[in-house]
Structure formats: structure tokens, C-alpha cells
Amino acid sequence: MSGLRRLVLDVLKPHEPNNLVLAKRLSELDNIEGVNVSLYEIDQNTENVKITIVGNDMSFEDIKMVIEELGAVIHSIDEIVAGKKLIETVKTEQDR
Amino acid sequence: MSGLRRLVLDVLKPHEPNNLVLAKRLSELDNIEGVNVSLYEIDQNTENVKITIVGNDMSFEDIKMVIEELGAVIHSIDEIVAGKKLIETVKTEQDR
Amino acid sequence: MSGLRRLVLDVLKPHEPNNLVLAKRLSELDNIEGVNVSLYEIDQNTENVKITIVGNDMSFEDIKMVIEELGAVIHSIDEIVAGKKLIETVKTEQDR
Amino acid sequence: MSGLRRLVLDVLKPHEPNNLVLAKRLSELDNIEGVNVSLYEIDQNTENVKITIVGNDMSFEDIKMVIEELGAVIHSIDEIVAGKKLIETVKTEQDR
Amino acid sequence: MSGLRRLVLDVLKPHEPNNLVLAKRLSELDNIEGVNVSLYEIDQNTENVKITIVGNDMSFEDIKMVIEELGAVIHSIDEIVAGKKLIETVKTEQDR
Amino acid sequence: MSGLRRLVLDVLKPHEPNNLVLAKRLSELDNIEGVNVSLYEIDQNTENVKITIVGNDMSFEDIKMVIEELGAVIHSIDEIVAGKKLIETVKTEQDR
Amino acid sequence: MSGLRRLVLDVLKPHEPNNLVLAKRLSELDNIEGVNVSLYEIDQNTENVKITIVGNDMSFEDIKMVIEELGAVIHSIDEIVAGKKLIETVKTEQDR
Numbered sequence: 090m091s092g093l094r095r096l097v098l099d100v101l102k103p104h105e106p107n108n109l110v111l112a113k114r115l116s117e118l119d120n121i122e123g124v125n126v127s128l129y130e131i132d133q134n135t136e137n138v139k140i141t142i143v144g145n146d147m148s149f150e151d152i153k154m155v156i157e158e159l160g161a162v163i164h165s166i167d168e169i170v171a172g173k174k175l176i177e178t179v180k181t182e183q184d185r
Numbered sequence: 090m091s092g093l094r095r096l097v098l099d100v101l102k103p104h105e106p107n108n109l110v111l112a113k114r115l116s117e118l119d120n121i122e123g124v125n126v127s128l129y130e131i132d133q134n135t136e137n138v139k140i141t142i143v144g145n146d147m148s149f150e151d152i153k154m155v156i157e158e159l160g161a162v163i164h165s166i167d168e169i170v171a172g173k174k175l176i177e178t179v180k181t182e183q184d185r
Numbered sequence: 090m091s092g093l094r095r096l097v098l099d100v101l102k103p104h105e106p107n108n109l110v111l112a113k114r115l116s117e118l119d120n121i122e123g124v125n126v127s128l129y130e131i132d133q134n135t136e137n138v139k140i141t142i143v144g145n146d147m148s149f150e151d152i153k154m155v156i157e158e159l160g161a162v163i164h165s166i167d168e169i170v171a172g173k174k175l176i177e178t179v180k181t182e183q184d185r
Numbered sequence: 090m091s092g093l094r095r096l097v098l099d100v101l102k103p104h105e106p107n108n109l110v111l112a113k114r115l116s117e118l119d120n121i122e123g124v125n126v127s128l129y130e131i132d133q134n135t136e137n138v139k140i141t142i143v144g145n146d147m148s149f150e151d152i153k154m155v156i157e158e159l160g161a162v163i164h165s166i167d168e169i170v171a172g173k174k175l176i177e178t179v180k181t182e183q184d185r
Numbered sequence: 090m091s092g093l094r095r096l097v098l099d100v101l102k103p104h105e106p107n108n109l110v111l112a113k114r115l116s117e118l119d120n121i122e123g124v125n126v127s128l129y130e131i132d133q134n135t136e137n138v139k140i141t142i143v144g145n146d147m148s149f150e151d152i153k154m155v156i157e158e159l160g161a162v163i164h165s166i167d168e169i170v171a172g173k174k175l176i177e178t179v180k181t182e183q184d185r
Numbered sequence: 090m091s092g093l094r095r096l097v098l099d100v101l102k103p104h105e106p107n108n109l110v111l112a113k114r115l116s117e118l119d120n121i122e123g124v125n126v127s128l129y130e131i132d133q134n135t136e137n138v139k140i141t142i143v144g145n146d147m148s149f150e151d152i153k154m155v156i157e158e159l160g161a162v163i164h165s166i167d168e169i170v171a172g173k174k175l176i177e178t179v180k181t182e183q184d185r
Numbered sequence: 090m091s092g093l094r095r096l097v098l099d100v101l102k103p104h105e106p107n108n109l110v111l112a113k114r115l116s117e118l119d120n121i122e123g124v125n126v127s128l129y130e131i132d133q134n135t136e137n138v139k140i141t142i143v144g145n146d147m148s149f150e151d152i153k154m155v156i157e158e159l160g161a162v163i164h165s166i167d168e169i170v171a172g173k174k175l176i177e178t179v180k181t182e183q184d185r
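Chains as they are written, first to last, in our numbering: chain A, 90 to 185; chain B, 90 to 185; chain C, 90 to 185; chain D, 90 to 185; chain E, 90 to 185; chain F, 90 to 185; chain G, 90 to 185.
Bear in mind the hints are in silico, worked out from the structure with no lab data behind them.
For clarity, every value in this text was computed on a predicted model and none was experimentally measured.
Some hints could be false.
Result set (EDC-like, lysine to aspartate or glutamate): computed pairs, CA atoms no more than 16 angstroms apart in a straight line [claimed, not checked]:
| no. | chain 1 | residue 1 | chain 2 | residue 2 |
| --- | --- | --- | --- | --- |
| 1 | C | K113 | E | E150 |
| 2 | D | K173 | F | E117 |
| 3 | C | K174 | B | E117 |
| 4 | F | K174 | G | E117 |
| 5 | C | K180 | B | D99 |
| 6 | B | K173 | A | D119 |
| 7 | G | K174 | E | D119 |
| 8 | F | K174 | G | D119 |
| 9 | F | K173 | G | E122 |
| 10 | G | K173 | E | E122 |
| 11 | D | K113 | D | D151 |
| 12 | C | K180 | E | D184 |
| 13 | G | K173 | E | E117 |
| 14 | F | K153 | F | D119 |
| 15 | A | K180 | B | E182 |
Pairwise CB distance ranges, derived in the manner of DEER restraints [unchecked claim]:
| no. | chain 1 | residue 1 | chain 2 | residue 2 | range |
| --- | --- | --- | --- | --- | --- |
| 16 | F | L109 | E | H104 | 45 to 55 angstroms |
| 17 | E | Q183 | F | V162 | 51 to 61 angstroms |
| 18 | D | K180 | B | D151 | 43 to 53 angstroms |
| 19 | E | D146 | F | E177 | 24 to 34 angstroms |
| 20 | E | N145 | C | V110 | 10 to 20 angstroms |
| 21 | B | G160 | F | K180 | 44 to 54 angstroms |
| 22 | G | G160 | F | E177 | 50 to 60 angstroms |
| 23 | A | K180 | C | V110 | 44 to 54 angstroms |
| 24 | D | D184 | F | I131 | 17 to 27 angstroms |
| 25 | E | Q183 | B | V110 | 17 to 27 angstroms |
| 26 | F | I131 | A | K173 | 25 to 35 angstroms |
| 27 | F | N145 | E | Q183 | 22 to 32 angstroms |
| 28 | E | Q183 | F | K180 | 39 to 49 angstroms |
| 29 | D | E117 | E | N145 | 48 to 58 angstroms |
For every residue, glycine included, the Cβ atom is placed at its ideal position computed from N, Cα and C.
Full structure from sequences and hints, please.
Shown next as C-alpha cells:
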């Protein structure tokens, strides 16, 4: 398989609907193998979560739609992996 | 299997009933593979524990009920993993 | 198997009987696979050890009895793992 | 196989076309196994991404062409791996 | 097998006989699988070494006798592992 | 096989010919399995790269010749591995 | 096999003969599987290298003779592993 393999998203959302709903809804989309929703920062009305989604040939449009239907917004796409293999970032001499 | 695969909970509880009771009660719920209860901070009357629960299609309602029956309260859900695969969070360039 | 799988104990003890006796006595209990006794801090009359005990369906009462028979006292139970699988604690975004 | 096996590129690009387009376009080139695009820094009009590309006998010219067609520019080539095996950098006594 | 599986010893010794002799003598004891002698600190007349000994049902008395015959003294027993399995210490929330 | 198995070189070079040429030329030498060229520091006219070369019974003379033909100079040989097995450096108590 | 399995040596040497000669000469000794020579510090006339040697029942006398024939001197033996198994040093609570 190819196409989109992993996404890491920084998402701002209201407290409700809660993150259990968000994780389940995302995990039920086509071509999704699993979802990790990690709480990042909590404010009075909002919270920031880091969402890691893994699958094969995932549709970013579907993912974005689920997130926005729940009143949340994608702040940034921190990592994108595409292709036949899941490629990890490499720590180079520039990062030391 | 799918549904809820792993939960990491920050829980505030009285010293009694103790954490052995809490760990055993949670581990005996349906669809739970195992539970890790780690002591985090101790005060005069209360303590904070970090609970990691792994299973397949776990019921958050059951987990919450056990925790609350023992007089404890879920402070925050720090991580949720859902889907066919157990997805770990990824350290991105944004985290460095 | 299920029940208690791993315990991490913070224990305060007199220098004698020594830690070799403590480790051997604990390792000979029923349902215990192995014991690690790590020296933590030494004072004139006492020492602190971190004890990690792994097994299947271990009896906390038996473990506590051995420790107390040797004149030592459990200061705190730092980690409890229970269930069918040995679950490790997860480092979340809250821990960074 | 031999030739170019992995490249790590520091790339400066406009926000649009977005990184999903960039990752997919690169992953569809000949001899490419996978691509990781990690967001590094965001400014008002531009962003820096670290791109890791893995394959066999990859063409740097093709990769450069895709990047430049999307209005981006390769700032530096931080790591190059070539040959029959994927060789990782080694941490020596000089790096400690 | 059971009994004593691993010992970590902090040992103070004269420079002679040297550590090669110490390591070989310990490794030739019954039930010993291997020995690691690491130099820790050097003074004018003495040195500190950290000795890690792995085996099955090892005799602490034999180990102590070899060390003392060579004019060295066990300063402390930093870690003891006993039982059917080699148990590693676990990093808990208390250690962070 | 034996002889030279891995070399880590600190090399100073002009910007041109570029590092892609350097990596490919080195990877095409006899007995070379792979090459990693990592950018280390950039100045106006020169750059420093860390080169890791892995193979069996490699010829240092051949490697040096390629590097010098491209106008670069070996600043230091930071690590050499020779023999039947690839031996990694060990972190000892002296390094802590 | 048993006897000496791994040695880590801190060696002071003149720049010539160079470290390639040193690594090759050591790797050709009987019972040696491999050698890692890592450059540690350079002065005007001398350099310090950390040498890791792995084998079975190695002869320290042979190793020392090669080092001294090349005009170098063993500053300290930082680690010795002997016995049937290659034992790594263990990080204990005392090291944290």
C-alpha cells in the first residue's frame, strides 16, 4: 500500500465532546489502523491534544472533517509520512 | 479487535482502599489485559496515581465506575489509544 | 495467569539480616519468579532498598510478612502491575 | 541495490502547496520507499521542513525537481547514505 | 535454577594483584557465568571497582573469599537479583 | 572476513564537488557496503562532514585517494573498527 | 569458551605509527574477534585512544606487547569482562 501512512496533528479543541469520542471516531474511519490522542495543555475552555494517526492511504479530508465536526481545529500538521514504508525522522549532526 | 486499547489516567484518591485493591479490581474488568498503578505524589489524606490500562474494546464507563466506587476521582485522561493497532506517540521536530 | 504480577516497594530496614537473606527469602515464596533488591541509601543504623518482585498471582500478604519478619518496614508501594499482561507505565506528553 | 539510499534535506517552503502535497509527490517518484516530512519552524510566509527520503538508487535530480516545482528550496543536504547497506552515523568519543 | 543470579558489588582494593587476576579468579568459581570488573576511581594506593557477577545459585561466601584473598574489601552490595528469572529494577514515577 | 570494517572520518572539503558525488564515489569502491556523509558545519568556502564507511577488508588508501581527488582533506580518523566482528565502543564507569 | 572476553583500555600513544596500524595489528592476534580504536584527545606529540577488544580467552600479554611495540602505553584498564558470558555493567540506584 502507499499514500498517507502517518500523521501527527496539533489540535485545539473544546473540552466537550471529550477525547474518548474523538479517538473512537477517528479510529473508525476507513484505512485507519490506530489513533493516539495525548493531552498536551489544558485551559479553562479549551485543550491542546497531539494526535498520531497510523494507517494506509488515509484520507486527510476525512480526518479533518471528523476533527472539525467535533468543534476542534487543526493547529499544525507536525509530521507526515507517505509511501510504501513508514519512515522515521533521522537525528543528524545538525540536531546535536 | 478495535475500540479502546490503552488509557493513561491521572487519578486522585484517598489512601484507603489501597492501590492493590484498585489494581486488582481494574484488572478483573472485562476486556482488560493488564493494569499498572504508579504512585505519583503523597499528601496527608490523599495520593496521586498514574494508571495505565491496556485491553481490547475496553469500557471507559466500567473503568470510571470502579475508580469512583473506591472514592477516587479521575483528574485527567492523559492518553487514549483506539483502533486495531496500539499506536505510540511520535517525538517530532516540534518536541525537540 | 492473572492477579498481582509486579510490585516495586520502597523499604526501610536495619543492616542485619542483610539483603542477601531478604532477596533469597522473597524469591522462595510461592508464585514469585524473581526479586531485585537495590540499595538506595545507607544510614548509620538503617538502609533504604528498592525491591522489585515479579511473579504470577503473588500474595502481597506473604511478601509483607517476610519483609516484616526481617525487621524491615514497607515505606511505600511505588508501582503495582496486575492482570494477564505485564503493563509498563507510558511516558505521556504530561511527563515531558 | 546500490546508489542513493537515504537523504535528509532541510527545505524552506511557502505554506502552499501544503506538506501533504509535498510528501505525496515525493513518495510517488521512482525508487522511493517512503518519505517523512517534519515541520520545523513556521514564519508568516514560509516554513522550514526536515525531509527524510528512503529508497534504492534514488535520483536526486527528480527529488530536487519536485521540491522546486512546489516553490520550495533545498537549504542544505544534512545527510546522505549511499551503497548496498543503510549506514547510520556512529557516535564517537569526539561527540561526547 | 534459582538462588542468587546477579550481584553488583562496590569493592575497594590495592592496585596489586591487578583486576585481570580478580576477574579471572571470580569467573572460575562454580555457578558463575561471567564477571565484569569496571574501574571506578583511582587513588595513590587503592582503587574502587564495580563488579557485576552473573550466574545460577551463586555462593556469596565463595565470591567474598576470592575478593578478600586478593586483599580487597566489599564496600557495599549495590544490587542483588535472586530467583528463577533475572529481574531488572524498574524506573517508577518516584524516580523521575 | 577481517581487516578494516568501519571508519569514522572528520573531513574538511570545499562545497563543490558536492556531498552526493563524494558519497557515491566512496560507495562504489571495492569492499565497501555503505557510506554515510553527514554535514557538520558550513563556512563560506568550506564545510565539515563526518563520514562513516562500513565494509570488509576496506582499503584506507583507496578511501583517502577518493577524498583527496575531490579536493577534500581528512582532518582526523575518529574511529577504526577492525577484525572479524564489528565492535562497538563501550561506555564504562570512566565515561559517566 | 571462557577466560578474558572483553577489555577496554585507555592508551596514550605517539601519532605514528597511526591508529590503522594499531587496530589491524591487534585484530590479527589469536583469539581476537574484533577491535575498536576511538580517538579521544589529540595533543601536539601524543594522542589518547580508547581501545575496546573482544574475543575468547584473549591473552593480555599479547595485547600489551603489540601496544608497547608501537610505542604506546596502557594508561588504565577501564573494564574487564571474563567468563562464559559477556556481562555488561548494570546501572544501579547508586548511579542515579
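Now for the hints, and whether the structure bears them out:
For the hint linking K113/C to E150/E, the alpha-carbon distance of about 14 angstroms falls within 16 angstroms, and the restraint holds. Pair hint K173/D plus E117/F holds up; C-alpha atoms about 9 angstroms apart against a cutoff of 16 angstroms. Of the supplied pair hints, the one linking K174/C and E117/B holds, its CA atoms being roughly 12 angstroms apart against a limit of 16 angstroms. Using a Cα cut-off of 16 angstroms, the hinted pair K174/F and E117/G holds, with the two alpha carbons roughly 12 angstroms apart.
Straight-line distance between C-alpha atoms of K180/C and D99/B comes to about 12 angstroms, which keeps the hinted pair within the 16 angstroms bound. Note on K173/B and D119/A: the hinted pairing holds, with a Cα-Cα distance of about 12 angstroms set against a maximum of 16 angstroms. About 14 angstroms separates the Cα atoms of K174/G and D119/E, which keeps this hinted pair within 16 angstroms; it holds. Between K174/F and D119/G the alpha-carbon distance is near 14 angstroms, which keeps this suggested pair within the 16 angstroms criterion.
Taking the CA atoms of K173/F and E122/G, the gap is about 5 angstroms. The hint holds against a cut of 16 angstroms. For the given pair, K173/G sits about 5 angstroms from E122/E by alpha-carbon distance, which is consistent with the 16 angstroms threshold. For the suggested pair K113/D and D151/D, the alpha carbons sit about 14 angstroms apart, so the restraint of at most 16 angstroms is met. Between K180/C and D184/E the alpha-carbon distance is near 13 angstroms, which keeps this suggested pair within the 16 angstroms criterion.
This hinted pair checks out: K173/G and E117/E have alpha carbons roughly 9 angstroms apart, not beyond 16 angstroms. For the hint pairing K153/F with D119/F, the CA-to-CA distance comes to about 13 angstroms; that is within 16 angstroms, so the pair holds. The suggested pairing of K180/A with E182/B holds, with an alpha-carbon distance near 10 angstroms, which does not exceed 16 angstroms. The hint said 45 to 55 angstroms for the Cβ distance between L109/F and H104/E, and at roughly 54 angstroms that hint holds.
Checked against the hint of 51 to 61 angstroms, the pair Q183/E and V162/F passes, with Cβ atoms roughly 53 angstroms apart. Between K180/D and D151/B the C-beta distance comes to about 47 angstroms, which sits within the given range of 43 to 53 angstroms. At roughly 32 angstroms, the beta carbons of D146/E and E177/F sit within the given window of 24 to 34 angstroms. Checked against the hint of 10 to 20 angstroms, the pair N145/E and V110/C passes, with Cβ atoms roughly 19 angstroms apart.
Checked against the given bound of 44 to 54 angstroms, the beta carbons of G160/B and K180/F, roughly 47 angstroms apart, stay inside it. A hinted range of 50 to 60 angstroms for the beta carbons of G160/G and E177/F is inconsistent with their spacing of about 27 angstroms. Distance hint for K180/A and V110/C: a CB-CB separation of about 46 angstroms, consistent with the stated range 44 to 54 angstroms. At roughly 18 angstroms, the beta carbons of D184/D and I131/F sit within the given window of 17 to 27 angstroms.
For the pair Q183/E and V110/B, the beta carbons lie near 20 angstroms from each other, so the given range of 17 to 27 angstroms is met. At about 33 angstroms, the CB distance of I131/F to K173/A agrees with the hint of 25 to 35 angstroms. As the Cβ distance of N145/F to Q183/E is approximately 49 angstroms, the hint placing it in 22 to 32 angstroms is violated. One distance hint, 39 to 49 angstroms for the beta-carbon pair Q183/E and K180/F, is violated here, with the actual separation near 25 angstroms.
A hinted range of 48 to 58 angstroms for the beta carbons of E117/D and N145/E is consistent with their spacing of about 57 angstroms.
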